[in-house]
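A.B. asks: For the sequence shown, our numbering begins at 1 and goes up steadily by one.
Derived by calculation from the structure, the hints in this document are not laboratory data.
Owing to the predicted nature of the structure, the values given are computational and were not obtained by experimental measurement.
Some hints could be false.
Said to hold, decoys possible - Here are the simulated lysine to any residue pairs, SDA-like style, with alpha carbons at most 20 Å apart:
| id | residue 1 | residue 2 |
| --- | --- | --- |
| 1 | K263 | Q60 |
| 2 | K241 | L81 |
| 3 | K123 | R217 |
What the hints assert, rightly or not - Label-pair ranges, simulated between beta-carbon atoms:
| id | residue 1 | residue 2 | range |
| --- | --- | --- | --- |
| 4 | S34 | G139 | 38 to 44 Å |
| 5 | V26 | D71 | 55 to 61 Å |
| 6 | F37 | G139 | 37 to 43 Å |
| 7 | L62 | V256 | 19 to 25 Å |
| 8 | I36 | L62 | 33 to 39 Å |
Just so it is clear, CB atoms sit at the ideal spot from N, CA and C, and this is done for glycine as well.
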Amino acid sequence: MATQVAAQANLFKRKVRSKRVVLDWVMTGLIFASSIFAIFVLASILYYVFVNGIERFNWQTLTQLPPPPGDQVGGFGNAVLGTIIVVSIAITITFPIGLFAAIYLSEFGQNSSTASSLRFIIKVLTGVPSIIAGVFAYGVLVLSTKTFSALSGGVALSVLTLPIIILSCEEALRLVPADTRAAAYALGASRVQTVFRVVLPAALPVVLTGVTLAIARAAGETAPLIFTALFSFLWPNGLLKPVASLAVLIYNFAIVPFENQQKIAWGGALALVILVLITTISFRLLLSRRQETITI
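Please work from the sequences and hints to get the whole structure.
C.D. replies: Structure, rendered in C-alpha cells:
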C-alpha cells in the first residue's frame, strides 16, 4: 500500500513538473517573440526615418532658417537650438525637484501616508495628456506674460518630465542594498551623509538613465509647445520670446503641400532621433569614465 502511494505521488510530481516545463517553454517563447517584434518595429521606424531624412540632413539644413512656402532652400537650425533650450529649461526645473522628492520618498518618507499620497499623485500625473500640460502652462505663464515664450515651453515640458524623474530616481535609490546604508551608519555617518555621499553616488547610473528618458520624452512633445513656445522662423533671441522646436517644425511642415518643406520635416525627424541618441551616448560615456575613475 505504501509503495502504491509513493508511486502515485511520484507520478503526480512528474505531471506537475512536466506542466511547469511546458509553461516555462511557452512563456519563454512568448517573451522571445515579443522582444523580436519590438526590435523589428523599432528598427523599421529608425530605417524609415533615416531613408527619408538623410537627403535633407546636412550642414546646410543644420545652419539655415526654415524656408518660406515654395522656396527650395532653407533648413531647421533654429529649431535644433530651440529644442535644446526648451528641453534644458525643463530638465533644469525638474531634476532637482524630482531628485529631492525621490530622496524623501525612498529614504525619509518611506511608508508614511504622506509618501503614499504623493506616489499616487505622481502616478496619476504620468497619465496626464501632454496637451493638458500645455494648457496649464498657457494659463499660468502665457496669459500672465502676454506672450508665447521658450520659458513657457520649458515649464510645460517640466510638468511632463517631473513624474518620470521622480519615479526613476526613487527606484534607483531603492536598488541600493540596505547593507550599504548599514555600513555607512556603522562608520558614524549621519542619515543625510549616507544618502548624499553613499546611496546617491551608487544610484547615479540609474538616475541618469531616468534623466535620459525624460529628455527623450520632452524633446518629442509637440502639443505643449504649440500652446506655449509656439513657433518662430528666426533664431532664438530670448527666453521670453517665441522659439522654434523640432517637434513643432515637423508637425507644421509635414502637413503642407510643398515637397521641400516635407523633406525638411523628415530631416528634422532624423535630427531629433540623433539628438536623443547623442544625449544617451554622452550619459553612458560619462558614467563609464566615472566608474573607471572610481576603480582606479
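A.B. asks: A separate judgement is required for each hint: does it hold in the structure or not?
C.D. replies: Now for the hints, and whether the structure bears them out:
1. Taking the CA atoms of K263 and Q60, the gap is about 14 Å. The hint holds against a cut of 20 Å.
2. Only pairs whose Cα atoms come within 20 Å are accepted, and K241 paired with L81 is accepted, the gap being roughly 14 Å.
3. Of the supplied pair hints, the one linking K123 and R217 holds, its CA atoms being roughly 16 Å apart against a limit of 20 Å.
4. In this structure the supplied range 38 to 44 Å holds for S34 paired with G139, their Cβ-Cβ distance being about 41 Å.
5. Checking the proposed 55 to 61 Å range against V26 and D71 shows it holds: the Cβ atoms sit about 58 Å from each other.
6. In this structure the hint that F37 and G139 lie 37 to 43 Å apart at CB holds, the actual value being about 41 Å.
7. At roughly 21 Å, the beta carbons of L62 and V256 sit within the given window of 19 to 25 Å.
8. Taking the beta carbon of each, I36 and L62 are about 35 Å apart, inside 33 to 39 Å as hinted.
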